[in-house]
Amino acid sequence: MFAVTNSVALVGVEARTVSVEAHVGGGEKGRLNVVGLPDTAVREAKDRVLAAMAVSGYRFPPRSVTVNLAPANLPKSGSAYDLPIALALLAAAGEIPAGACEVVALGELALDGSVRSTRGALGAAIVASDLGVPCLLPPGAAPEACIVPSANVQVVGSLAAAVSAALGEANFPAPPVPKPPQPDLPDMAEVRGQPLAKLALEAAAAGGHHMLMTGPPGGGKTMLAKCLPGVLPELGEKAAIEVAQVWSSAGRPRECLTRPPIRAPHHTATTAAVIGGGSGVPVPGEMSMAHRGVLFLDELGEFPPHLLDALRQPLEEGKVTIARKGISVTFPASVQLVAATNPCPCGFDGDHRQSCVCTDQAKQRYGRRLSGPLLDRFDIRVTVDRVDPDALMGPPEEPSRRVAARVSSALEAQRRRGRRNRDLGRRELDALDITDAAMRSVEGALRYGTLTGRGFDKVRRLARTLADLAGSEKVEERHALQALVLRGESQDRNEKGRRDG
Amino acid sequence: MDDRKNARRGAADIWIRLAHVGMHPDRLRGLLDKKSPAAVLRSIERGHISVPEVARLEVAVPAAERWEQLRRTGVAFLLPDDERYPERLRELPDAPPFLFQRGASFAGTAVAIVGTRACTSYGRRLAESYGQAVSRAGWSVVSGLARGIDGAAHHGSLLGPTPGVAVLGSGVDVWYPRRHKPLGERLLAAGGTVWSEAPPSARPLGWRFPPRNRIISGIAHAVVVVEAGRQGGALVTARIALEQGRDIFASPGDVGRGSSVGCNLLIRDGAFPVHEADDLVECLELAIGEPARTPDAELPESAGPDPGVPDTGVPIAEFLAGMGADPVTGIAELGRLVSQGAVVLDGGLVLARKSQ
Numbered sequence: 001m002f003a004v005t006n007s008v009a010l011v012g013v014e015a016r017t018v019s020v021e022a023h024v025g026g027g028e029k030g031r032l033n034v035v036g037l038p039d040t041a042v043r044e045a046k047d048r049v050l051a052a053m054a055v056s057g058y059r060f061p062p063r064s065v066t067v068n069l070a071p072a073n074l075p076k077s078g079s080a081y082d083l084p085i086a087l088a089l090l091a092a093a094g095e096i097p098a099g100a101c102e103v104v105a106l107g108e109l110a111l112d113g114s115v116r117s118t119r120g121a122l123g124a125a126i127v128a129s130d131l132g133v134p135c136l137l138p139p140g141a142a143p144e145a146c147i148v149p150s151a152n153v154q155v156v157g158s159l160a161a162a163v164s165a166a167l168g169e170a171n172f173p174a175p176p177v178p179k180p181p182q183p184d185l186p187d188m189a190e191v192r193g194q195p196l197a198k199l200a201l202e203a204a205a206a207g208g209h210h211m212l213m214t215g216p217p218g219g220g221k222t223m224l225a226k227c228l229p230g231v232l233p234e235l236g237e238k239a240a241i242e243v244a245q246v247w248s249s250a251g252r253p254r255e256c257l258t259r260p261p262i263r264a265p266h267h268t269a270t271t272a273a274v275i276g277g278g279s280g281v282p283v284p285g286e287m288s289m290a291h292r293g294v295l296f297l298d299e300l301g302e303f304p305p306h307l308l309d310a311l312r313q314p315l316e317e318g319k320v321t322i323a324r325k326g327i328s329v330t331f332p333a334s335v336q337l338v339a340a341t342n343p344c345p346c347g348f349d350g351d352h353r354q355s356c357v358c359t360d361q362a363k364q365r366y367g368r369r370l371s372g373p374l375l376d377r378f379d380i381r382v383t384v385d386r387v388d389p390d391a392l393m394g395p396p397e398e399p400s401r402r403v404a405a406r407v408s409s410a411l412e413a414q415r416r417r418g419r420r421n422r423d424l425g426r427r428e429l430d431a432l433d434i435t436d437a438a439m440r441s442v443e444g445a446l447r448y449g450t451l452t453g454r455g456f457d458k459v460r461r462l463a464r465t466l467a468d469l470a471g472s473e474k475v476e477e478r479h480a481l482q483a484l485v486l487r488g489e490s491q492d493r494n495e496k497g498r499r500d501g
Numbered sequence: 502m503d504d505r506k507n508a509r510r511g512a513a514d515i516w517i518r519l520a521h522v523g524m525h526p527d528r529l530r531g532l533l534d535k536k537s538p539a540a541v542l543r544s545i546e547r548g549h550i551s552v553p554e555v556a557r558l559e560v561a562v563p564a565a566e567r568w569e570q571l572r573r574t575g576v577a578f579l580l581p582d583d584e585r586y587p588e589r590l591r592e593l594p595d596a597p598p599f600l601f602q603r604g605a606s607f608a609g610t611a612v613a614i615v616g617t618r619a620c621t622s623y624g625r626r627l628a629e630s631y632g633q634a635v636s637r638a639g640w641s642v643v644s645g646l647a648r649g650i651d652g653a654a655h656h657g658s659l660l661g662p663t664p665g666v667a668v669l670g671s672g673v674d675v676w677y678p679r680r681h682k683p684l685g686e687r688l689l690a691a692g693g694t695v696w697s698e699a700p701p702s703a704r705p706l707g708w709r710f711p712p713r714n715r716i717i718s719g720i721a722h723a724v725v726v727v728e729a730g731r732q733g734g735a736l737v738t739a740r741i742a743l744e745q746g747r748d749i750f751a752s753p754g755d756v757g758r759g760s761s762v763g764c765n766l767l768i769r770d771g772a773f774p775v776h777e778a779d780d781l782v783e784c785l786e787l788a789i790g791e792p793a794r795t796p797d798a799e800l801p802e803s804a805g806p807d808p809g810v811p812d813t814g815v816p817i818a819e820f821l822a823g824m825g826a827d828p829v830t831g832i833a834e835l836g837r838l839v840s841q842g843a844v845v846l847d848g849g850l851v852l853a854r855k856s857q
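Taken in sequence, the protein lines are chains A and B.
Per my numbering, the very first residue in the first sequence carries number 1; after that it's consecutive.
Per my numbering, the very first residue in the second sequence carries number 502; after that it's consecutive.
Worth flagging that the hints you see were computed from the coordinates, not collected in a lab.
These numbers come from a predicted model, not from an experiment.
Hints should not be assumed to be uniformly reliable.
What the hints assert, rightly or not - Now the in silico label distances, taken between C-beta atoms and shown as ranges:
| hint | chain 1 | residue 1 | chain 2 | residue 2 | range |
| --- | --- | --- | --- | --- | --- |
| 1 | B | Ser702 | A | His306 | 30 to 40 Å |
| 2 | A | Ala470 | B | Glu819 | 21 to 31 Å |
| 3 | B | Glu819 | A | Arg368 | 25 to 35 Å |
| 4 | B | Met824 | A | Leu392 | 15 to 25 Å |
| 5 | B | Gly825 | A | Ala470 | 14 to 24 Å |
Backbone N, C-alpha and C define an ideal beta-carbon position, used for all residues, glycine too.
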């Protein structure tokens, strides 16, 4: 009169096993009660389950039935528990053998007994793989589970199919995932001119440096940012699962699993949409969806200041922690931040072909929106001017894959040293393997006041990356000199604002 | 002898009380055309001349107390017969009957650099480089300490050795805009002078600014207008300067660009167009003669080779293209100029460091 099967609940991106217990008790009334912190969708499961069971030809005993979702203190939400509840009920009522419950099941039941897609399939596959049991998934959700090779995924289209798959009477393996189309991202070869911006992009990819591009509209800032995933190495299996888990918990299966993601939230997005949150069980935001990839903020100056400030801590820690009543969830958010901004509201400050029509006050207001601590995160700050028409008509330039090869070897060098260049602290920078000539040029910039103490560290970090790209053990003079230019603005923008007064 | 001294002292007492009423200079001049200062003061006291209630209270303060206040706050009260009163102002038909002064006494030749408050970064850079060049050449920069061009000109002049002059529309102890307080204090610390017709602690009311412009152009030997819209204080200053017979220089801008219309129209009407800072200095030497005092010969340490960039800078991309070498080498070469202190990168531009 009792049966238990398994399903899954996502806490953040973490998949937790949920035991779905069913007990058929005494009494002649057909009463079905669901306990274990169900939300409305879960509580409504009983009506869907009863209908699906009846349509599928199963008999439901006129008894008092209790379904418990354990652990009882973990909030459960969504319609994904329909299928496991049905299996546990049928087993508890003796309609099917108890062995049918040794699965991890996920799926919403339609009234005609078919199984609909829900989120969390990847988590189910991971749990099933851990428990060593088959994983029953609805057809729409199955592809995202294929990234876990050790899971025995059964694609079940109906309650009857689920029962026979669970009993091992039939086999419904997941169809092989078709090779996903390459996402439509630009190639570096298409970016004409812009030697400085391209060097900056390559260095950003190789060292993981956050990068800020400033320039008038139409300079190609967005295109450059979109080139970045293409020069980053493909994700390894572990990283790919991490990323897929985040996307799965957001209910957004990824098409191309091995390519680093790029997310570009619009500046009208809410803080919850970018950082993560939402009512009930928190869902990951854009920042977590960009985990191990690129978070691109176009028109940085248009984002509300409180949102930009909220980015700072996750950027530092590589994760987002969202606390809610009774539950605290951590989403990974190790992103590379690429931002683009116009120099002023009209966008043409500093452009020599078109004059800026903004007043100084308007410009200062615009500049003040970017807080110093946030600007401080950017190791690279380059200006992306509009391209010379001659360059636009020139031959294609170096393709992304050639750049990607250099980036890979630079990342390999950093792996050998044990630390990504972005994360190099002052102690490590002081021990930097740098030639005397290179050090002299950095010191020169310090002496002439074009470099602050903070900029000194950034330049050394960047110089290390440029040396890695060149395959050089030592940081040589030309790397330091290039780093001085990639560092961009000689003065801190805030200081400048104060000076201009 | 004592009688003469007493009489002068008595006259000064009347003037200082009158000055603290804070009347519009034109109105005061109109009254003084008809009456003696003592009579004007009496009329105010008796209510025959209507002034705001606050001003009437100010008038009631005895002169001795005023002198004590000024002494305590380090503000000087200059009448036209004072040797500290700028000589060139005395010649004006509408010369201010009195001036409040903070800082050192002004001596030398002044060049006014004025322009719009809503300036562009192009105008700001020009004003800064003009201010610096004028100060280096040995002339004082006089301006209004306002936002925009005025402030930039003062900033630039602080990079040179010659102390500058600020003529305010507020009291000499009221900095407006407030964020220019450090700038004003640096100007004073560098031996500069701050003048105003308004009594100490007078607020920066709009009507005080147009009359103050006649003082700026009045003490200057030449007036440089850097950016000016079709309307605005800078053009008012230029018009007054013309009436005062001052030489007018204007920096040209794009035709049709709002912030340059005023300057372009001035040039059309005969103002001297100015090019870069060095050119301005040469023109000024021709127009007003070499500065009386030799400028400080000491220049900042050599800042590496001359990168040959104009005062308003070159876009980085253009600079790289001009280097000719392959781009990556070009970037390193630009880095070398930065490390040698020859240039700085700012707002997407390569700027010669001397203009900073």
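Now the hints, each set against the structure:
1. B:Ser702 to A:His306: 30 to 40 Å: holds (39 Å)
2. A:Ala470 to B:Glu819: 21 to 31 Å: holds (26 Å)
3. B:Glu819 to A:Arg368: 25 to 35 Å: holds (29 Å)
4. B:Met824 to A:Leu392: 15 to 25 Å: holds (20 Å)
5. B:Gly825 to A:Ala470: 14 to 24 Å: holds (22 Å)
Violated hints: none; the structure is consistent with every hint.
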